[in-house]
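Peer 1: Each chain, written out:
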Amino acid sequence: MHELSVTENILNIASKHANQSKAIRVTDIHLVIGTLSSIIDDSVQFYWDILTKETICEGANLHFERVPAELLCLDCNLTYAIQSGLSPCPNCGSVRVNVVAGEEFWLESIEIET
Amino acid sequence: MPTIRVPIVEKIMEANDQLAKGIRLRLDQAGIFGINIMASPGSGKTSLILQTLLKLPPDIRSAVIEGDTAPVTIDAEKIIQIGVPAVQINTGGECHLDAVMMSRGLDEVPLNSIELLIVENVGNLICPAAFNLGTHANILIASIPEGDDKPYKYPNIYRSLDVLIINKTDLMPYIDFDMEYFRQGVELLNPRLITFPVSCKTGEGMDAWVDWLVKKVRTNRNG
Numbered sequence: 001m002h003e004l005s006v007t008e009n010i011l012n013i014a015s016k017h018a019n020q021s022k023a024i025r026v027t028d029i030h031l032v033i034g035t036l037s038s039i040i041d042d043s044v045q046f047y048w049d050i051l052t053k054e055t056i057c058e059g060a061n062l063h064f065e066r067v068p069a070e071l072l073c074l075d076c077n078l079t080y081a082i083q084s085g086l087s088p089c090p091n092c093g094s095v096r097v098n099v100v101a102g103e104e105f106w107l108e109s110i111e112i113e114t
Numbered sequence: 115m116p117t118i119r120v121p122i123v124e125k126i127m128e129a130n131d132q133l134a135k136g137i138r139l140r141l142d143q144a145g146i147f148g149i150n151i152m153a154s155p156g157s158g159k160t161s162l163i164l165q166t167l168l169k170l171p172p173d174i175r176s177a178v179i180e181g182d183t184a185p186v187t188i189d190a191e192k193i194i195q196i197g198v199p200a201v202q203i204n205t206g207g208e209c210h211l212d213a214v215m216m217s218r219g220l221d222e223v224p225l226n227s228i229e230l231l232i233v234e235n236v237g238n239l240i241c242p243a244a245f246n247l248g249t250h251a252n253i254l255i256a257s258i259p260e261g262d263d264k265p266y267k268y269p270n271i272y273r274s275l276d277v278l279i280i281n282k283t284d285l286m287p288y289i290d291f292d293m294e295y296f297r298q299g300v301e302l303l304n305p306r307l308i309t310f311p312v313s314c315k316t317g318e319g320m321d322a323w324v325d326w327l328v329k330k331v332r333t334n335r336n337g
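Line by line, the protein sequences give chains A and B. Sequence positions in the first sequence follow our numbering and run 1 to 114. Sequence positions in the second sequence follow our numbering and run 115 to 337.
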């Protein structure tokens, strides 16, 4: 989708926290991304390598933790995982469902050298 | 060298979300109801906005922010021709409006003399869904010729909606569009979503949509 702006945001957040912690270098970035967020890891990595040149994050490794999508059926209370796309409840066929996992889109932590 | 792990847990879109909050505050302080209209290219966004503006009662004054990826002012000119202020934002190739562009656009809108702000997002079913603009309602126009499988293929945009408009219903007799299949996809993604089937061409269904909008603007006016 818009991997460039997403990557810029990751760099901004990581740099801010690295500076606050008086880091000399950031070595690792841990991201938590739900499978419902349409982000292509390879594209983020591509932009990351370019954007981080001569920044405190240069050379830092990106780690993507993918959270599988899970739905909760509002009719029978079953929680079920989905592979691709949203699907009706496999137990009762209801389409009244809530997403309970899979929308995560955050920067969890960074590893730094001080 | 040993590394130190610094826990952060910050949303990647946090900067945009914060800016969007500021936009909402500006709109609320000026008593403006803001809507973000999203759709694929060619679904009839500009036509729907024009028809809507022409049907609004005279006491509701509006302005339009037009987002386009290219430096063209075709859409804004059409709006200005019917006497409504319009601001064109050229996203410079970006496939969506974000809160930064929206803030800049808002600076050029006569906030003190309007009650309704219509934002026409860039034609795209993917990226606009991820960028909160601070408006009060996210609206999608789905048009019949696009096909009945779009909720299944672009789930994220459907999940972010407050209102769905199904446009070009006059083409139903000519196109294999399974309304039941379409609606089931929508129901899965966004149960009981407010939906208005309309045809900008014949005017069918437009009154129900405009009534909804007028009610929202008047409720917002009365705090």
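Warning: the hint list may mix true and false statements.
Non-contacting residues of chain B with respect to chain A, defined by C-beta distances greater than 12 Å in every case (computed) [as the list claims (entries may be wrong)]:
#: 1; residue: Ile-122
#: 2; residue: Gln-143
#: 3; residue: Gly-145
#: 4; residue: Pro-172
#: 5; residue: Asp-182
#: 6; residue: Ala-184
#: 7; residue: Pro-185
#: 8; residue: Gly-197
#: 9; residue: Glu-208
#: 10; residue: Asp-221
#: 11; residue: Pro-259
#: 12; residue: Gly-261
#: 13; residue: Asp-292
#: 14; residue: Glu-301
#: 15; residue: Pro-305
#: 16; residue: Gly-317
Straight-line distance between alpha carbons at most 35 Å, and here's what the computed DSBU-like set of lysine-lysine pairs gives [stated by the list, open to error]:
#: 17; chain 1: B; residue 1: Lys-135; chain 2: B; residue 2: Lys-329
#: 18; chain 1: A; residue 1: Lys-53; chain 2: A; residue 2: Lys-22
#: 19; chain 1: B; residue 1: Lys-264; chain 2: B; residue 2: Lys-125
#: 20; chain 1: B; residue 1: Lys-264; chain 2: A; residue 2: Lys-22
#: 21; chain 1: B; residue 1: Lys-169; chain 2: B; residue 2: Lys-329
#: 22; chain 1: B; residue 1: Lys-169; chain 2: A; residue 2: Lys-16
#: 23; chain 1: A; residue 1: Lys-22; chain 2: B; residue 2: Lys-135
#: 24; chain 1: B; residue 1: Lys-169; chain 2: B; residue 2: Lys-330
#: 25; chain 1: B; residue 1: Lys-329; chain 2: A; residue 2: Lys-53
#: 26; chain 1: B; residue 1: Lys-125; chain 2: B; residue 2: Lys-315
#: 27; chain 1: B; residue 1: Lys-125; chain 2: B; residue 2: Lys-267
#: 28; chain 1: B; residue 1: Lys-125; chain 2: B; residue 2: Lys-135
#: 29; chain 1: B; residue 1: Lys-264; chain 2: B; residue 2: Lys-135
#: 30; chain 1: B; residue 1: Lys-329; chain 2: A; residue 2: Lys-16
#: 31; chain 1: A; residue 1: Lys-53; chain 2: B; residue 2: Lys-330
#: 32; chain 1: B; residue 1: Lys-192; chain 2: B; residue 2: Lys-135
#: 33; chain 1: B; residue 1: Lys-135; chain 2: B; residue 2: Lys-267
#: 34; chain 1: B; residue 1: Lys-315; chain 2: B; residue 2: Lys-329
Since the hints were derived computationally from the structure, they do not count as laboratory data. The structure presented is a predicted model; accordingly, all values stated were derived computationally and were not measured. By construction, the Cβ of each residue, glycine as well, lies at the ideal position given by its N, Cα and C atoms.
Peer 1: I'd like to know which numbered hints this structure contradicts. Please list them from smallest to largest.
Peer 2: Result: hints 1, 9, 14, 15, 20, 22, 25, 26, 30, 31 break, sorted rising.
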